[in-house]
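Colleague: Chains A and B are the protein sequences, given in the same order. Residue numbers for the first sequence follow the working numbering, so the first one is 303 and each next one is one higher. Residue numbers for the second sequence follow the working numbering, so the first one is 6 and each next one is one higher.
Check the hints yourself; a few may be wrong.
Part of the chain B face toward chain A, derived, beta carbon under 7 Å [said to hold, decoys possible]:
1. 57
2. 59
3. 60
4. 61
5. 77
6. 80
7. 81
8. 85
9. 91
10. 93
11. 105
12. 107
13. 108
Hints listed in this document are in silico derivations from the structure and should not be mistaken for laboratory results. Beta carbons are placed, not taken as given, at the ideal position from N, Cα and C, and that holds for glycine.
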Amino acid sequence: MIVGARLIRDHRRSLLWWSVGVVALVLFTVSLFPSLKGEEALDEVIAQMPEALRAMFGLDTAIPLTSPAGYLQGRLFGSLLPLLLIVFAVGLGTRAIAGSEEQGTLELLLSNPVTRRTVVGERYLAMVAMITGLTAVFALSLVLLAVPFGALDGVPLSGLAGATAGVFGIALLHGTIAFGVGAATGRRALALSSATVVAVAGYLAQGLLGLSDAIRPLRFVVPWHWYLGRNMLAQGVAPDAIIVPIVLSTAIFAAGVTAFLRRDLR
Amino acid sequence: MEDVAVRTDGLTKHFGAVRAVEDVDLVIERGEVFGYLGPNGAGKTTTIRLLLDFLRPTRGRSMVLGGSGGDPGIRRRIGYLPGDLRLDPTYCAGDVIDFFASLRGGVDRDWVDALCQRFGLDPTRPVGELSTGNRRKVGLVQAFMSRAELLLLDEPTSGLDPLLQHEFNDLVREMAGEGTTVLLSSHVLPEVEALAARVGIIRRGRLVAVAGVDELRRTARQRLDLHVAGAVDDVDLARFREVPEVVEVSAEPAVIHLVVEGSVDGVIKAAAALEVQRIVSHEANLEDVFLRYYTPEDE
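Excised from the complex, chain A in its bound form (with noise of 0.2 Å):
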């Protein structure tokens, strides 16, 4: 695993902001939750807007704002949270192959006795590595700074452990698409670009086509949609948001990696 630590280590400095980001990310939001408990006024608002802006930001009329579940759903888990993870993971992706082949630094690195399977592979790893390190890092966080404020009560731990798979998988999947685009085509712009279409489509759509009864089915494609779907916080896991990002993920990596193996480095 020489490589993969390698780029871990690659990413050493960055990993340490976006830790502190998230921690500060999380010590903020749920610092600001005893201010809105029992402010049964913020339901009534969220009650009269259109069932679309609900959706787009994660909110639900069954589970009101004011309570942990759909306080933390509707400021961390539907919305700052997986734009950051995802912007996070997105970046590794977009680096890890096609980034440091633009960069010049892949070829000298094969030159030494390492396979294309072997980098591509490790590096695939390392960045889940990074990406399941963060996450965790945000779970830690919640569990212990959500307890002071009470922005954790009555929620079960399934239903934690199970919202915070759901990033994990959203945040997964953006980033596999930036590295499969990227170790298929060794452009870094193509990598970026791509996965940042289809998280901003996606996140577009899954308001979009929720606006009307014929086209609502149409949101079964929307990766957002999956892991909006449900304030797993409230309603239990939901486990398709979790596996189906990590099926396709693998099978986009399986196809970046073939397609990796068989070109010319640019």
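Keeping the supplied structure of chain A fixed, place chain B upon it in accordance with the hints.
Modeller: What follows is chain B alone, placed relative to chain A:
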């Protein structure tokens, strides 16, 4: 053990409409220092990248040390210096070297230290702060550190000052003395001439000539200046123009300038009729041979 270090058969690489390498048949014997010469963009780098399996040939094939350049077992026995060397700027030089050493399952520390010392490389300096020449040294150290059987060095001395170039030449001679095969690409002739016994000349993707340096020198054009007593007239010049080996004739009042390709015997005989006071022969320069292959006659 295979006695050929590098062998290509009809090796061809096209990038779209660009014929980067076309039908290259190259054999480099073990223990040989081979100069691979050509102007920029002739296909030198592409050939080396094909040898290392970074590129896949459009046609033909290549073997290095009896196997594929993509095989880790083969790569372990190759030292490579890319023409366009890029290193991660966030590490220090020693760290980069240690990383490559660990990929090779460890190398002789004393040898690495000796290499750093010879090239005057401070391994504690961050790569991002190094000058082009100093980065080049990191590349040279990592290429030489595993005492590989085959060195593929793409434009190795570009960016090195003359002193380091000298150190580099000594090192290549030492390695060659120990039986290392060296492929040295360059567009600067004298640096290859000093090291290589054989030279291949590539032009527009085609290997236009492979010859021993001595042989090239023999067929090389020579410049001779004949300083004669008295004025030179047209009759004298015509005498030289009749010599088949003479390519160019020009004159100053008391000097005849000749460019001769091959033997100078005819020139000496033609000069017998004149009162020659002095013959100045310019050192046979491969640059002239080189130019002959370069000068596009079809354009």
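Colleague: Under 7 Å is the threshold here; is the Cβ of residue 59(B) close enough to any Cβ of chain A for the hint to stand?
Modeller: holds (4 Å)
Colleague: Was the hint right that residue 61(B) lines chain A, CB cutoff 7 Å?
Modeller: Residue 61(B) check passes; min Cβ-Cβ to chain A is 6 Å, inside 7 Å.
Colleague: Any CB of chain A closer than 7 Å to the CB of residue 107(B)?
Modeller: With a closest approach of 6 Å, the residue 107(B) hint holds.
Colleague: If you take the shortest Cβ to Cβ gap from residue 93(B) to chain A, is it below 7 Å?
Modeller: For residue 93(B), the interface hint holds, since the closest Cβ of chain A sits about 6 Å away, which is under 7 Å.
Colleague: The hint names residue 105(B) as touching chain A; please verify it with the least Cβ-Cβ distance against 7 Å.
Modeller: holds (6 Å)
Colleague: Would the hint on residue 91(B) stand, with a C-beta cut-off of 7 Å toward chain A?
Modeller: Holds, about 3 Å.
Colleague: May I ask you to test the interface hint for residue 60(B) with respect to chain A, counting a Cβ-Cβ separation under 7 Å as satisfied?
Modeller: holds (5 Å)
Colleague: Taking the closest Cβ pair, is residue 77(B) under 7 Å from chain A?
Modeller: holds (4 Å)
Colleague: Return the status of the interface hint for residue 85(B): holds when the least beta-carbon distance to chain A is below 7 Å, violated otherwise.
Modeller: Holds, about 4 Å.
Colleague: Given a cut of 7 Å on the nearest C-beta pair, is the interface hint for residue 80(B) held or broken against chain A?
Modeller: Holds - the Cβ of residue 80(B) comes within 7 Å of chain A, reaching about 5 Å at its closest.
Colleague: Please verify that hint: residue 108(B), Cβ, nearest Cβ of chain A, below 7 Å or not.
Modeller: holds (4 Å)
Colleague: Is the interface hint for residue 81(B) satisfied, with its Cβ closer than 7 Å to some Cβ of chain A?
Modeller: This interface hint holds because 4 Å falls under the 7 Å limit.
Violated hints: none; the structure is consistent with every hint.
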